[in-house]
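Each protein sequence line maps, in turn, to chains A and B.
By full-length UniProt numbering, the letter at position 68 of the first sequence is numbered 68, and the numbering carries on one by one without gaps.
By full-length UniProt numbering, the letter at position 178 of the second sequence is numbered 178, and the numbering carries on one by one without gaps.
It is worth saying that the hints were derived from the structure and are not from the lab.
By construction, the Cβ of each residue, glycine as well, lies at the ideal position given by its N, Cα and C atoms.
Please note that a few of the clues may not be correct.
Simulated pairs of lysine-lysine, DSS-like, Cα-Cα distance not exceeding 25 Å [stated by the list, open to error]:
| # | chain 1 | residue 1 | chain 2 | residue 2 |
| --- | --- | --- | --- | --- |
| 1 | A | K237 | B | K131 |
| 2 | A | K238 | B | K118 |
| 3 | A | K236 | B | K70 |
| 4 | A | K238 | B | K64 |
| 5 | A | K236 | B | K64 |
| 6 | B | K59 | A | K236 |
| 7 | B | K131 | B | K103 |
| 8 | B | K59 | A | K163 |
| 9 | B | K70 | A | K237 |
| 10 | A | K238 | B | K103 |
| 11 | A | K163 | B | K132 |
| 12 | B | K70 | A | K238 |
Chain B residues, not near chain A, derived (Cβ > 10 Å throughout) [unchecked claim]:
| # | residue |
| --- | --- |
| 13 | I21 |
| 14 | P77 |
| 15 | S85 |
| 16 | E126 |
| 17 | G172 |
| 18 | G186 |
| 19 | M220 |
| 20 | L245 |
| 21 | Q258 |
| 22 | L260 |
Pair by pair, the computed Cβ-Cβ distance ranges are [what the hints assert, rightly or not]:
| # | chain 1 | residue 1 | chain 2 | residue 2 | range |
| --- | --- | --- | --- | --- | --- |
| 23 | A | S6 | B | D73 | 24 to 34 Å |
| 24 | B | S292 | A | K236 | 57 to 67 Å |
| 25 | B | E126 | A | H14 | 18 to 28 Å |
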Amino acid sequence: MLRSISAEWLKLRHSRIGLVLGILPVISLLIGCFNYYFNQTALQNGWYSLWTQVSLFYGEFFLPILIAICCAFVCRLEHANHNWNMILASPISITNLFVAKLFTVGMMIFAAQAFFMFMYWSAGQLLSIPGAFPIETVLWSLRGWFASLSIAALQLGVSIRLKSFATPIGISLCAVFLGIGLYVLNLGLLFPYSLLTIGMGVLSQKGLNSMENILFLLMNSFFILLFGTWSISRLKKKDIASS
Amino acid sequence: MKNMSPPIVETQNLSKTYGGIHRVHNVNLAVQTGQIFGFLGPNGAGKTTTLKMLLGLIKPTEGKVKVFGKDLDRHRPNILNNTGSLIESPSYYGHLTGYENLKVMQRLRSLPGKNIDKVLKIVRLENHKHKKADQYSLGMKQRLGIAMALLAFPSLLILDEPTNGLDPAGIGEIRELIKSLPEQYGITVVLSSHLLSEIEQIATSVGIINDGKLLFQGTMQSLQAANKVTIRFKTPDPARAEKILQSQGYLPKVQGRQLLFTHLPDEEVSYINRLLVEQGLPVTRIEEQKKSLENIFLELTGKERSL
Chain A
1 MLRSISAEWL KLRHSRIGLV LGILPVISLL IGCFNYYFNQ TALQNGWYSL
51 WTQVSLFYGE FFLPILIAIC CAFVCRLEHA NHNWNMILAS PISITNLFVA
101 KLFTVGMMIF AAQAFFMFMY WSAGQLLSIP GAFPIETVLW SLRGWFASLS
151 IAALQLGVSI RLKSFATPIG ISLCAVFLGI GLYVLNLGLL FPYSLLTIGM
201 GVLSQKGLNS MENILFLLMN SFFILLFGTW SISRLKKKDI ASS
Chain B
1 MKNMSPPIVE TQNLSKTYGG IHRVHNVNLA VQTGQIFGFL GPNGAGKTTT
51 LKMLLGLIKP TEGKVKVFGK DLDRHRPNIL NNTGSLIESP SYYGHLTGYE
101 NLKVMQRLRS LPGKNIDKVL KIVRLENHKH KKADQYSLGM KQRLGIAMAL
151 LAFPSLLILD EPTNGLDPAG IGEIRELIKS LPEQYGITVV LSSHLLSEIE
201 QIATSVGIIN DGKLLFQGTM QSLQAANKVT IRFKTPDPAR AEKILQSQGY
251 LPKVQGRQLL FTHLPDEEVS YINRLLVEQG LPVTRIEEQK KSLENIFLEL
301 TGKERSL
């Protein structure tokens, strides 16, 4: 397993994915900060108000797209030059390969989350928001990261299946809107994209009670396993279409 | 020549259908250890499909694949651990350098790092190892692909059209490299090509495939021997000549004014000649005709079109 992961990391060298990982959180944070800055009369809740603004753009739009981009990226490497032939003819199990890719995407998103949190803190300092930095936002971002993993498992499956780079990203956009719909209908726990909204505390900052937290973790684990198994078994059964 | 050891690659009634059409039909391959097995056939004959089935990249509709005497279905990781391959044009990560590409493979297969330098030297890319693979020429990409396949120094190497798209100098270079593999590293090579001349110069054994069917399999010599020479007798009255010869137990093929024989020893040639002349039939010409491999190949595949 370790060797698959280290091979995946090697493949990321010289790529510009790091740039995308940096830029998308910056854009969402800037938009959020503008909103906050010009609406300070309405937004009276300090750090939490800033969170509602920045996390709205980040958690609802840019992060899901970022996940889709990362997944499409790690799969595009294999779609190019018939590389699936080479990878699947190496003595690496398909499960290993998938988990290594999921882990890699997970680490990318973790880095993006950490960067986002750092910028949130910096923005708060710059806007000289009174009061202490709310520690629970760190927990929210961690929960958001965990929800990202189930989205990533789904997006990886889609990207392995589709050769196109853009189509899976388009699919994720549609899923985002579907996710908001389900969240509004209180069915958020049943859809990975709504789980992200719940986990990040985007639309509601009242937090989750322990029961909801457990349910959140359970549903995410379930989705990761479900989509992971689906992708792996599909790769095992299907012939490699590479031409 | 029967080999006592079991074949290193063996397929039994290997078939693959796409939408009811056979792309590969009941192919029974047997590659012996130490051979360079040339898999020859026109484009679209089913070569790549067969090679992919040998690696488990596509699943056969019917039939079995055995490599190293083991069932591919059950021992795939084990088999792949000892197999290198290059399928459908070279695979590489374009944004990585040649060296980094090999490094990815080395980590995946957990091989010693010194293998990288060794294969770079073998394919003569050591001076270009820090260039991005995207900037390589086609020949260099092909060599990188072979280096990646070779990295583990496997017992079996499967190369799909390894000289495709190379210039003559590059082809010669790759050819010499492949030829040296069985002796130097004990590697058995299975390679495919649509060019007879290629196979003729590299392979020790050959399998000819067309429309998914294996038409011939054996050593290069046996292919030539199987269709070696025809003797043609030209005479003004072939019909009468045929009758005379049939009464003596010969079964010539009549083609215009000519009578055709295959596998005819010298004594019989003179005997037939005497027989006809004694019956008052002039023999105006006796010709020996050697078929080139080209013709054998075209006859087998039934195609006069360019391959």
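- 10 Å cut-off, C-beta based - B/L245 kept clear of every residue in chain A: holds, 55 Å
- Task: Verify the proposed pairing of B/K70 with A/K237, using a straight-line Cα cut of 25 Å.
- Result: holds, 21 Å
- Query: Do the alpha carbons of A/K236 and B/K70 lie within 25 Å of each other, as the hint requires?
  - Reply: holds, 20 Å
- Query: Does the claim that B/P77 lies outside the interface with chain A hold up, using a Cβ gap greater than 10 Å?
  - Reply: violated, 5 Å
- Message: With the threshold set at 25 Å, check whether the alpha-carbon distance from B/K59 to A/K236 stays at or below it.
- Response: OK: B/K59 and A/K236 at ~10 Å, within 25 Å.
- Message: Hinted pair, alpha-carbon criterion (25 Å max): B/K131, B/K103. Please report holds or violated.
- Response: The hint holds at about 14 Å.
- Is the straight-line distance between the alpha-carbon of A/K163 and that of B/K132 25 Å or less? holds, 23 Å
- Message: Please verify that the nearest CB of chain A lies beyond 10 Å from B/L260's CB.
- Response: holds, 44 Å
- Task: Just double-check B/S85 for me: nearest Cβ-Cβ distance to chain A has to come out over 10 Å.
- Result: Contrary to the label, B/S85 does not stay out of reach of chain A, its closest Cβ about 5 Å off (not over 10 Å).
- Would you check whether the claim that B/I21 is not at the interface survives, using Cβ distances to chain A and the 10 Å cut-off? holds, 15 Å
- Query: Would the pair A/K238 and B/K118 pass a check requiring their Cα atoms to be no farther apart than 25 Å?
  - Reply: violated, 36 Å
- So the hint says 18 to 28 Å: do the beta-carbon atoms of B/E126 and A/H14 match that? holds, 20 Å
When the structure is compared with the earlier hints, violations turn up for hints 1, 2, 10, 14, 15 and 24 and for no others.
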